[in-house]
Amino acid sequence: MSALRVLVGCKRVIDYAVRVRVKPDKTGVFTDGVKHSMNPFDEIAMEEAIRMKEKKLASEIIVVSCGPIQCQETLRTALAMGGDRAIHVQVDGKEYEGLQPFHVSKILAKIAQEEKVDLLILGKQAIDDDCNQTGQMTAAILDWPQATFASKVEIDNGSLKVLREIDGGLENIKVKLPAVVTTDLRLNEPRYATLPNIMKAKKKPLTTKKPSDYAVDISPRQEVLSVEDPPVREAGQKVESVEQLVQKLRDAGLIVS
Amino acid sequence: MKMLRQFISLGTCNVSATGIRHGIRKELLIITHQRNVSGVPASADRLEDKPAHTQHGKFEILQQKPVTNKPFAKDLFLGKFDKTVLVYPEISDRGELAELNQMVQHIERYFTESLDSKSIDINAEISEDVMNHLGELGLFGQQIPQEYGGLGLNATKYARLAEITALDGSIAVTLAAHQAIGLKGILIAGNEAQKQKYLPKLATGEHIAAFCLTEPSSGSDAASIQTRAVPSEDGKTFHLTGGKIWISNGGIADIFTVFAKVNITAENGEKQDKVTAFIVERNFGGVTSGKPEDKLGIRGSNTCEVHFDNTPVPAENVLGEVGGGFKIAMNILNSGRFSMGSSGAGILKKLIGLTTEHAISRMQFGSKLCEFKLIKEKFAKMAVTTYAMESMAYLTAGIIDMYEKPDLSVEAAMVKIFSSEGCWMCVNECLQVLGGQGFMKSNPYERYLRDARILMIFEGTNEILRLYVSLTGLKHAGQELKELVGKLRDPLNNPRLVFLQLWNRLSGKVREKPKLTLRLNEEVHPSLKNQTDILEECTLQFQRMVEIILQRHGNKVVQEQLELKRLSDICIDLYAMTACIGRASRAYCLGLRNADHELLLTKAFCHEANARIQQNMTALREGKTKNNDDTYMAIAETMFQNKGYAAEHPLTVNW
Ligand SMILES: Cc1cc2nc3c(=O)[nH]c(=O)nc-3n(C[C@H](O)[C@H](O)[C@H](O)COP(=O)(O)OP(=O)(O)OC[C@H]3O[C@@H](n4cnc5c(N)ncnc54)[C@H](O)[C@@H]3O)c2cc1C
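Sequence lines, in order, name chains A and B.
Counting from 1, position 172 in the first sequence corresponds to residue 172 in UniProt numbering; the numbering is continuous, with no gaps.
Counting from 1, position 371 in the second sequence corresponds to residue 371 in UniProt numbering; the numbering is continuous, with no gaps.
Note that these hints are calculated values from the structure, not bench results.
Each hint should be verified, as a subset may be incorrect.
A short, non-exhaustive set of chain A residues, derived as facing chain B with CB atoms under 8 Å [what the hints assert, rightly or not]: (1) Val34; (2) Ser37; (3) Pro40; (4) Glu73; (5) Arg76; (6) Tyr192; (7) Thr194; (8) Lys202; (9) Pro205; (10) Thr208; (11) Leu245.
FRET-style restraints, in silico, Cβ to Cβ [unchecked claim]: (12) A:Ala3 - B:Ile360: 50 to 60 Å; (13) B:Glu371 - A:Lys152: 53 to 63 Å; (14) B:Cys370 - A:Glu114: 53 to 63 Å; (15) A:Gly98 - B:Cys370: 53 to 63 Å; (16) A:Ser212 - B:Arg519: 53 to 63 Å; (17) A:Lys174 - B:Asn123: 46 to 56 Å; (18) A:Gly98 - B:Glu192: 52 to 62 Å; (19) B:Ile635 - A:Tyr16: 37 to 47 Å; (20) A:Arg233 - B:Glu371: 34 to 44 Å; (21) B:Glu192 - A:Arg85: 32 to 42 Å; (22) B:Asn283 - A:Lys152: 44 to 54 Å.
As the structure is a prediction and not an experimental result, all values here were calculated from the model.
Glycine residues also receive a C-beta, built at the ideal position from the N, C-alpha and C atoms.
Using the sequences and the hints given, assemble the complete structure.
See below:
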């Protein structure tokens with residue numbers, strides 16, 4: 001089989017090192033002036049695609065991001081890592097707040113068809129909304145096989161051998177291409193974009209699209225009622241002895257007597 | 001003193017007639033970022049004002065940069081204030097800014113997440129892995145033009161990255177020794193063949209560069225070096241012999257810029273020893289380096305002796321002209337200093353962040369540290385200093401980027417002085433806030449203190465640079481004021497003029513509060529009017545003081561180091577105020593986040609600066625008998641006679 005055309009999803013999320021703050025009106029979290037970066041699982045997806053290209057198993061890497069104009073920075077990073085061209089599907093403001101995996105997967109599916117890709121690599125989830133749905137939904141819409149939570153991917157003559165991380169162990173599966181893969185943490189260690197490559201990335205093509213270009217309706221299908229801080233951890237107590245500890249746990253109904 | 005004269009005569013004055021029309025400065029800001037991205041003056045052959053082919057295959061008008069600027073700081077000595085400098089520079093091309101931010105984000109991630117600075121400090125070595133990674137990131141060729149494989153960053157972008165690389169002092173010095181001084185000679189003075197031969201490998205870090213000037217008997221007095229280069233009979237080879245000390249990267253470098261004396265015959269037939277710069281490859285033979293020095297700070301940066309024993313250097317490896325090496329050395333050092341401002345700010349922003357966390361969590365006496373006023377004051381002062389440092393650094397970088405051959409060596413020296421001292425002071429204050437935590441090796445804070453200490457010593461000691469700032473300024477002013485000063489110093493022949501000047505002064509024409517005519521306030525947001533008034537008033541006072549000092553001492557001013565120091569300090573404060581006001585005004589007009597805070601920082605800085613300036617003015621006005629200088633000199637004399645502290649022990653009796 002000839003080298004693959006790979007599509008990689010790159011979501012722009014609040015940087016994992018940032019302490020997230022909930023807005024006082026509980027409609028969401030503060031994003032203005034907050035450091036953002038590429039979703040770490042998407043970085044892993046990028047790295048996997050680049051390694052395929054370095055081994056000449058992939059011919060072209062297309063990167064895509066849905067969201068506000070700043071997503072272009074995320075896409076430039078992906079291009080600097082080794083992507084060939086980028087598609088930015090611009091969704092702003094209120095519309096972006098209502099954008100769900102349901103919508104994104106439709107857009108991704110459309111792009112995958114238009115670009116005639118053989119492989120779609122996505123992160124298993126985004127670290128902001130933790131949905132863990134986009135890969136699965138996209139596979140369903142395309143009616144392609146899916147290999148989620150991948151921790152090892154090998155291309156084998158028109159199909160993929162994928163090692164999956166599942167509850168309590170690992171699973172080996174084989175899927176036919178075209179397929180959707182979602183990445184788990186241990187798949188690889190993504191590279192740093194080097195400064196010369198960041199400069200070169202500026203010259204790589206980046207196309208801007210709208211959801212309507214793909215005939216996708218992005219009107220929200222769910223309403224966020226409120227976003228709240230996790231409960232503050234209560235102060236602990238010190239006990240003198242094991243007996244006392246057991247007693248306390250028993251009193252709290254945490255162990256049966 | 002000989003050296004100081006040389007400083008005055010060699011002060012890289014390249015004020016050319018082609019001064020720029022300052023009205024178009026704003027537009028230039030916009031145009032100049034595309035082309036000629038290196039901070040070093042480009043050679044003339046890269047300049048074209050006709051349409052040229054670009055990589056996109058499209059035609060694009062290449063804008064020629066104006067050759068040089070009206071020297072801002074030097075003109076302050078004449079009371080001339082170039083108001084356009086209050087327009088704070090910016091990168092107006094959004095794409096370029098985004099690209100820069102992306103670079104910053106990536107190296108920041110490496111420096112904060114992967115790099116183990118503690119081990120570098122303890123092992124006193126940067127591992128090969130780390131060096132390789134820095135090379136892959138592209139950090140060794142930041143200012144090398146892209147056609148030679150570098151990133152071709154301009155001064156502004158270089159300064160921005162320096163904020164991050166400064167987070168590890170050892171790496172910062174290694175990188176700076178390589179590109180701010182080690183290979184800079186090739187960029188500034190190298191010919192095309194030398195550039196093509198050496199730059200590509202230096203850009204990737206495959207080759208490391210070092211700058212070899214200092215010798216055991218020649219530190220600040222760089223013109224006194226003993227290393228010799230003797231030309232062969234056929235003139236094709238020089239043989240280099242001598243010993244250099246404290247050379248950063250001395251043990252790891254492949255390429256050295258070496259300064260040595262060559263005996264040449266001047267036009268009048270006299271034989272003279274003149275400093276010449278050479279590009280020396282380690283494998284030319286006869287090059288040995290000593291073992292790495294064990295140091296207080298920047299311990300991972302390799303510093304050692306480098307010896308040249310009859311090292312053969314082909315004549316084509318002379319940098320610039322034979323005998324032109326001293327000027328090259330000064331140009332190299334002058335061109336790199338500005339970035340210490342952003343490096344210092346980078347370190348401080350990080351450390352202030354860490355210290356703030358401590359202050360808002362540590363409880364004593366039932367309150368958090370951050371609730372105590374003594375602690376609050378420390379933080380505020382640190383922010384004010386950092387703000388001024390950062391503002392000066394990017395103002396200077398911004399102006400460098402606008403001109404072919406910027407005249408900014410005085411500004412760069414001022415940035416270096418202010419930021420090295422500000423950095424030391426603030427790191428010290430952070431440690432104070434941290435209490436015992438700051439003193440412990442298990443925390444990173446004490447390393448920052450040790451690393452910061454070198455900044456006041458190398459790249460020109462702060463003492464030498466203070467002399468450089470005021471002497472260069474006075475020389476500039478002296479040329480214009482020569483006639484006036486000459487007549488005033490010759491009262492017998494010009495009694496009328498002297499009388500008039502005296503009368504002016506006594507009758508109050510030269511008032512304490514000079515009349516403000518420059519209208520600086522019109523250049524910035526109205527809420528900064530008080531600050532521009534302070535700035536203008538101080539500038540006019542400064543001008544008058546420069547005249548007084550020149551009249552008082554004439555050429556002998558070179559001996560008056562304490563007065564020179566005060567003039568430099570005033571000039572630094574004037575420049576820093578200018579930078580803060582311009583920046584705060586820009587931030588406020590744009591509505592940047594926390595712009596109000598920037599206004600406060602600027603107000604606080606101008607207040608501090610004004611107080612310092614007035615103190616210096618008073619001391620200068622009073623003269624050395626009244627202002628304690630003579631007393632200090634007498635005390636010092638006695639100490640040197642006694643070889644140390646000369647007061648008797650308090651318990652001594654003499655009966
Ligand atoms: C870690 C480190 C790295 C270095 N890296 C390099 C390098 O890569 N390449 C290189 O060539 N050099 C390097 N140096 C040398 C450095 O540039 C010199 O140390 C510096 O120029 C000062 O010279 P000095 O140490 O001989 O001090 P001196 O010149 O002896 O000065 C000692 C003191 O006297 C003061 N002083 C000197 N002259 C006067 C004067 N006329 N009036 C008033 N005060 C005066 C100085 O300001 C200073 O406070 C390095 C030094 C260190 C410590």
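Now for the hints, and whether the structure bears them out:
no.: 1; hint: Val34; verdict: 11 Å, violated
no.: 2; hint: Ser37; verdict: 7 Å, holds
no.: 3; hint: Pro40; verdict: 11 Å, violated
no.: 4; hint: Glu73; verdict: 6 Å, holds
no.: 5; hint: Arg76; verdict: 6 Å, holds
no.: 6; hint: Tyr192; verdict: 6 Å, holds
no.: 7; hint: Thr194; verdict: 5 Å, holds
no.: 8; hint: Lys202; verdict: 6 Å, holds
no.: 9; hint: Pro205; verdict: 11 Å, violated
no.: 10; hint: Thr208; verdict: 14 Å, violated
no.: 11; hint: Leu245; verdict: 28 Å, violated
no.: 12; hint: A:Ala3 - B:Ile360: 50 to 60 Å; verdict: 55 Å, holds
no.: 13; hint: B:Glu371 - A:Lys152: 53 to 63 Å; verdict: 54 Å, holds
no.: 14; hint: B:Cys370 - A:Glu114: 53 to 63 Å; verdict: 56 Å, holds
no.: 15; hint: A:Gly98 - B:Cys370: 53 to 63 Å; verdict: 40 Å, violated
no.: 16; hint: A:Ser212 - B:Arg519: 53 to 63 Å; verdict: 54 Å, holds
no.: 17; hint: A:Lys174 - B:Asn123: 46 to 56 Å; verdict: 48 Å, holds
no.: 18; hint: A:Gly98 - B:Glu192: 52 to 62 Å; verdict: 59 Å, holds
no.: 19; hint: B:Ile635 - A:Tyr16: 37 to 47 Å; verdict: 59 Å, violated
no.: 20; hint: A:Arg233 - B:Glu371: 34 to 44 Å; verdict: 24 Å, violated
no.: 21; hint: B:Glu192 - A:Arg85: 32 to 42 Å; verdict: 36 Å, holds
no.: 22; hint: B:Asn283 - A:Lys152: 44 to 54 Å; verdict: 46 Å, holds
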